[in-house]
Each structure stands twice: as C-alpha cells, then as structure tokens.
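K.L.:
Sequence:
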Amino acid sequence: EESIRKTVFYGAIAILLSILLISIYVIFKFRNLNKRLELDVTERTKELNDANQKLQKANEELEKLSVMDCLTGVYNRRGFGDLLQRYWKICSRERLPLAVIMIDIDNFKVFNDTYGHLAGDQSLRSVAQVIDNMVQRPGDFSARFGGEEFIVMLYNTTEEGAAVVAEKIRSQVEGLRIENEELSTFITVSLGAAAMTPNEDMEPCSLINAADQALYRAKKDGKNTVVRASALNSS
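Residue numbers (this note's numbering): 8 to 242.
Among the hints, a few may not be true.
[Said to hold, decoys possible] Calculated lysine-lysine pairs in the DSS-like style (CA-CA distance at most 25 Å, straight line):
#: 1; residue 1: K116; residue 2: K226
#: 2; residue 1: K230; residue 2: K116
#: 3; residue 1: K116; residue 2: K227
#: 4; residue 1: K230; residue 2: K175
#: 5; residue 1: K175; residue 2: K226
[Claimed, not checked] Taking CB as the label site, the calculated pair distances span:
#: 6; residue 1: P145; residue 2: L40; range: 55 to 61 Å
#: 7; residue 1: I26; residue 2: R51; range: 33 to 39 Å
#: 8; residue 1: N59; residue 2: L27; range: 43 to 49 Å
#: 9; residue 1: N59; residue 2: I29; range: 41 to 47 Å
#: 10; residue 1: E186; residue 2: R102; range: 45 to 51 Å
#: 11; residue 1: A58; residue 2: Y17; range: 55 to 61 Å
#: 12; residue 1: R102; residue 2: G182; range: 35 to 41 Å
#: 13; residue 1: G80; residue 2: R144; range: 15 to 21 Å
#: 14; residue 1: S237; residue 2: A58; range: 54 to 60 Å
Simulated from the structure, these hints should not be mistaken for laboratory data.
Where is the CB? At the ideal position from N, CA and C, for every residue including glycine.
All chains, full assembly: derive it from the sequences and hints.
P.N.:
Structure representation (structure tokens):
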C-alpha cells in the first residue's frame, strides 16, 4: 500500500512537472510568437508609413507640377490664379493695395522664327529669371501667363511702386542684350502696371484687365516701355 501511494505521488508529481514544462514551453513559444508578430507589425507599419510618405511626396510633386511652368520654373497661369485669389481676399480684409504687372516680350515671334524654338525657349528662361529675381518679398510672385507673356503680383504695393519694379524689370531685360539681328536690336519687354485696393464688390480679373490695357498701350506706344493704368484714365 505504501508502495502504491509512492507510485501515485511520484506519478502525480511527474504529471504536474510535465504540465508545468508544457505550460512553460507554450508560454515561451507564444512569447516568441508575440515578439515575432510585434516585429512584423512594426516592420509592416514602417513600410506602410514609408509608402505613405512617398505617396504624399509624389502627390506634392504632382501638385507642384500642376501650378508651375516646366520651361521657365516660375508659376503657370493656374498657379498665379490661385495665389491672386488668396491675396485678393487678404488685401480686401486688410484694406491693402494689390498690384499687378503684365509683361510681354517685344517682337518675340520674329525672334523665334529667326533663331528657332530652342533659342526662343532659352530667351524665355532668361527673361523669366530676371523677372523672378525682382520679386523676392513675401507675397510677391511671378508667373508665365502664356506664350511670351508674364505677370507679376505685388502684395501691399501701390501702382507707383509697381511702376518702379516694372521699370527695373524693363531695364534688366534690355541689359541681357539678347540680340535680335532681324530687327537690328536686342530683346526688350513692354509692361503695364496697375493696382487696386480690393473689396467684396470687385473681382481679381478687373486688376488683370487694367494691367493688360496698360500693356496694350505700351505696345502701341512703341514697346520697351512701362505704362501705368491710371495714365489711361487721365489721357
């Protein structure tokens, strides 16, 4: 009987030890599995974050490309329109003047026909660089408006101030001395400057139209000159 009790006792201990060992094994196995799962989740999360960052960067690049002119590196017409709308509202709220300069390269078609599109593209880049260098203040922007036409927006600037900037641009472009042998001259630009203090009854297109009319007068008056929109009203 004593022998039977010992056998049962040791058998029970053996069973308990077996259960304990199995439990320890299972615990360690699941712990390792959890660690592997945690590592896997961490790696997958990192991969997902990296992918999201790349996607966000790609979307930002696409958005940037959609508002930038690929040839000259300045804003395109769409990008300028977005900026004009934004600053129009700011100036309307703060009762500040907003100025626009319309710029057109004189006799560009003749230059393009004479020297070819590659030379024409290079001259567009050179002129765009001159213009962009003149608008470095926060709230000042330049854009290619289309073809050989550019546009500048000047935040909190009067027409008089815009005309000063326009004259500097005109002089700098003439100073590039990009020769147009067909006309025995160098590339020049004509510019129209206008400014308004926006309000809720006005639209941004009215400012562009005013500058465009001044540009038209500059072309009509012999080119390579600056005309202020207010001069049209007084003439």
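K.L.:
Hints numbered earlier in the text: which of these fail when held up against the supplied structure?
P.N.:
none
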